[in-house]
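Protein chains in written order, with my numbering: chain A, 7 to 393; chain B, 14 to 364; chain C, -6 to 126.
It should be emphasised that the hints constitute simulated quantities derived from the structure, not laboratory data. Glycine residues also receive a C-beta, built at the ideal position from the N, C-alpha and C atoms.
Listed below are the simulated EDC-like cross-link pairs for lysine to aspartate or glutamate, each with C-alpha atoms no more than 20 Å apart in a straight line: (1) B:Lys355 <-> C:Asp111; (2) C:Lys76 <-> A:Glu143; (3) C:Lys44 <-> B:Asp79; (4) B:Lys328 <-> C:Asp126.
Quick partial rundown of chain C residues pointing at chain A, CB under 8 Å, derived from the structure: (5) Pro24; (6) Ile56; (7) Ser60; (8) Ile108.
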Amino acid sequence: MLSDVYIIGAGETKYGELWNKSLRNLAVEAGLKAIEDAGIYSKDIDAIYGANGLAGTINEQENIGALIADFSGLSNEGIPAIRIEASTASGAAALREAYLSIKSGEYNVVVVGGVEKMTDLHGSDIVNKMSSILDREWEAFYGATPASMAAIIARKYMHDFNVEKEALAMIPVNDHNNASKNPDAQYRNKITVEQALNSTPVADPLNLMDCSPVSDGAAAVVLASEDYVKKNGKDGIRILSSAIAEDYLSVGSRESIYTFNSARLAAEKAFMRSGLKRDDISFIELHDSFSIYALIELEDLGFVEKGHAKDIVYNDIKLDGSLPVNPSGGLKAKGDPYGAVGIGQAVEAYIQLKEKAGERQVKGAKYALLHNMAGTGASSVVHILGI
Amino acid sequence: MSGIVSYGSYIPQYRIKPEEIARIWGDEPDKMKNNLFILSKSVPAPDEDVATISVEAARNALKRSDIDPADIGAIYVGSESHPYAVKPTATIVAAAIGMPLQYFAADYEFACKAGTAGMQNIKAMVDSGYIKYGMAIGSDTSQGAPGDALEYTASAGGTAMIIGKENVIAEINSTLSVSTDTPDFWRREGEPYPKHGERFTGEPGYFKHVIAAARAMMERMETKPEDYDYAVFHQPNGKFPTRAAKILGFTEEQYKTGLLTPYIGNTYSGSTMNGLSAILDEAQPGDRILAVSFGSGAGSDAFDITVTDNIKDYKKYNAPTIKKLIEKVKFIDYGTYTKFRKIIVTGDSVE
Amino acid sequence: MTELSRIWRETEYRYNLIGFRCKNCGRTYFPPRDICPYCHRESIGKMEKVKLSGNGEILSYSIVHDSSPAFKREIPYVMALIKLDEGPSITAQVVDCNPDEVDIGRRVHMVFRKIREDGKNGIIEYGYKFRLD
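Hey, can you work out the whole structure from these sequences and the hints?
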């Protein structure tokens, strides 16, 4: 008997350079916040799903499921805890696995969290580790970095669709503007288009302001079955649909380098399963690790025709626009702790849909679309949430 | 008779001018330029070394012929800047040109004449019937200590020669060597830069051996300087080879084609072979060439060569000629030079 | 210390740009893959090695200012997607050029270069890069 699935609690750490916090500190902090918010106890938890992208390479720590369960004080209960890894989409991939485990009827309450501790490495060392989200042997080996692959996509996109760099800059401008209203965000300063355009070159044509930062952070949500919610009088938001799709690992293997087929397919499935239309969506949380990705995602998720994202990035995506994008501040300004991102998006949806977002509240928010993506588009996970 | 069946060269595109080096070390630019007769020297990019230069030269040689790499039975790479002290460059090149398992391979070292020493041995192996074709490469990314006179000339480049008996474009009529124990120039194991005896490198080193080898060859072949259309001598700078030519009785007309050092500097093991490559780019059937290399320590290899009719059908434009390699250049400043040559250390363990 | 076998087993492909062609549909791939994503089961055992020409054109590129330690000495360098004449697109550096000489559509050819060194005493890894025609 299939069950509806609800988010009944959410919590996250601040995102940023959290020098005095370790991988386990972050995971435990976010997890406890979510559990407290949900008002549940350890005896209620059927399973823990931990999302993490790069702990093995950055922190030289695997066995993340056990680590999180142990330092959350749950070892005596023997609660199953596993790690889900899907690169930078680990968070949403874990959310989906947790969702399926409840939907199937196997579990009633699952805590799903994401964590990444990245700032223990810096400079070129972290660039090298982050490059393992690409094909190490045939991209990163030759000097490709995540930013350079995004830049290659950006140049071709701008060339073929006659898009000015300014259109890309609108993404970080919007992100920073929204993040200024988010106490958990890494960067709360507002930036101008000129600042974005004149920032340090990272991988031309992309500048520093086109690229998400290196971040520490964790986020967690508590999922529960319809049955549990009713019996315990919980108040949650509903996961209307969840979908994941894959594409080639490398940009070069894809037919079109500025089409994220994974996003296109995952969005199609998610909309079909939810029964909603694009117009129904109140706001979107996009995986904009690079500004160009936001434009392409808006197109491939079906909100605007290919090559036309430039028509909506100046106004529509603003907090009070027709299609608010990244009220949280997005990956650029809220931050980009790889494994936490997808869960962090769900935390934002939870806060928004419960009308608790304060200054950054999207007015009358009913449905949220969350898009979390791995690598340069190898996997996309789309969730549609509603009240 | 055996001889050269194909050849190919490679010279990195970056150049630095003596004025730029003199600016840093407080030398008189015109003096350095004129004393050494050097206008610029080639500089390898940070991702170039003797293996990459050798591979490019070898691939260029293959592009100009239909030789199946499987028919190349031996490969010798002469250099004094092999990337590894222990681990052959020759096998890297062989792998990069697709030579299968069974072949003779070794790296040679005899200062600047290791490449021509390889040519001699390849010729001997072809003549003896051990192999059908063999490849000899002379290639260097030579070292000159910062501030040393060598820094003005030590450059990078190389040439690969395929030697065999079929479709020979230039017959090697004869070859000989002269060798002595002379401490004119050396680099000790583990040391980054060579030391040299300054003016002592001239008379007892370079001139003694080059002239002795050239004269011995002309005596053996019963030739006189005027019997040759071209002559090429090892060229540590622009001055030495022109002086040697004059002592021996060769004219500028004979040596100018093979004199590359003024434009690219001293490519060490590549030097004489690059010069020979430039001559073969221009040569016509029947042309006769005298080539004499020099390696410190010391010795010279002499070659008496006659260009054949096959040069007419030879596909030399399938790969860049020396002229083309010298034309397309990018000049760099001393700062970039030190970055490229790893004179600046970055502190990263991997690079 | 670099895993020697990991580097060594790809030597053939990296030195000589050896790709794979599906004998079932004729498509050519690089990097090497064992299964054709169009022919699936039909391609098993029918993927044959093919030496690629190394000629192609720049599909798009970036000028990289921030990279891994292995590439520090080359910054700023050009990273490109190159459409090879045989079909596949390949991610590689374009060397020996000023960034302003590079453009979408420019013809390039393969060259043999050092990719990275495992410190001063480790192995040197070589492979393909590209140069403007």
